[in-house]
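Positions in the sequence shown are counted from 1; adding 27 to them yields the working numbering.
No wet-lab data here; the hints were simulated from the structure. Treat the hints with care, since some could be wrong.
Simulated DEER-style distance windows between Cβ atoms [claimed, not checked]:
id : residue 1 : residue 2 : range
1  : Gly96     : Ser146    : 49 to 55 Å
2  : Lys83     : Ser143    : 40 to 46 Å
3  : Gln135    : Glu98     : 31 to 37 Å
4  : Arg121    : Gln100    : 49 to 55 Å
5  : Gly86     : Lys126    : 19 to 25 Å
6  : Gly67     : His127    : 23 to 29 Å
7  : Glu148    : Lys68     : 45 to 51 Å
8  : Gly96     : Glu138    : 39 to 45 Å
9  : Asn119    : Ser145    : 36 to 42 Å
DSBU-like mimics (lysine-lysine), calculated; alpha carbons at most 35 Å apart, straight line [to be verified]:
id : residue 1 : residue 2
10 : Lys70     : Lys123
11 : Lys126    : Lys83
12 : Lys83     : Lys68
13 : Lys68     : Lys114
14 : Lys70     : Lys114
Yeah, the Cβ is synthetic: ideal placement off N, Cα and C, and Gly gets one too.
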Amino acid sequence: MNKNCIDGFENSAKNGSSSTSSAGPGGGGGGGDNRSNGGGKSKRVRTIFTAEQLEKLEGEFARQQYMVGPERQYLAHALRLTEAQVKVWFQNRRIKWRKHHHEQQSQQLREIHQRSLSSLEHEDCDETGEW
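Build the full structure now, drawing on both the sequences and the hints.
Encoded structure:
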């Protein structure tokens, strides 16, 4: 699997584990804010997905960009993650897909614009190459 396809999850390939410091079979990180004993907000623990989990998640995303209801529940159970973790992963992956898709479209438009400018320059020249 191409690591560039899973930006933001690089640690999973290095670590090879889905466990984090929060409780739960999938490593946690799917809930709300975690509060310390002092009552102040602490940073939510980031879920580190295994390579196998990412492979399955990416495969499902390639098949369908939206995962809801029983399918999400089944996938979460199969991957030993919470439904919230699967839900958030799909949300983040859709955002990444849209960004990449938008960048591709922008690049294509720039190329088309460049070609049209180039062809206009050639049309405006006479046979001697002068304007």
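Here's how the hints hold up against the structure:
1. Gly96 / Ser146: 49 to 55 Å: Holds - the Cβ-Cβ distance for glycine 96 and serine 146, about 52 Å, lies within 49 to 55 Å.
2. Lys83 / Ser143: 40 to 46 Å: holds, 44 Å
3. Gln135 / Glu98: 31 to 37 Å: Given range 31 to 37 Å: holds, Cβ gap about 33 Å.
4. Arg121 / Gln100: 49 to 55 Å: violated, 19 Å
5. Gly86 / Lys126: 19 to 25 Å: Holds - the Cβ-Cβ distance for glycine 86 and lysine 126, about 21 Å, lies within 19 to 25 Å.
6. Gly67 / His127: 23 to 29 Å: 37 Å Cβ-Cβ, so the 23 to 29 Å window is violated.
7. Glu148 / Lys68: 45 to 51 Å: Between glutamate 148 and lysine 68, where Cβ atoms are some 59 Å apart, the hint is violated.
8. Gly96 / Glu138: 39 to 45 Å: Between glycine 96 and glutamate 138, where Cβ atoms are some 41 Å apart, the hint holds.
9. Asn119 / Ser145: 36 to 42 Å: Holds, at about 39 Å.
10. Lys70 / Lys123: With a Cα-Cα distance of about 23 Å, the restraint between lysine 70 and lysine 123 holds, given a limit of 35 Å.
11. Lys126 / Lys83: holds, 22 Å
12. Lys83 / Lys68: holds, 33 Å
13. Lys68 / Lys114: Judged against 35 Å, a Cα distance of about 23 Å means the pair holds.
14. Lys70 / Lys114: holds, 20 Å
Violated hints for the displayed structure, listed by number in ascending order: 4, 6 and 7.
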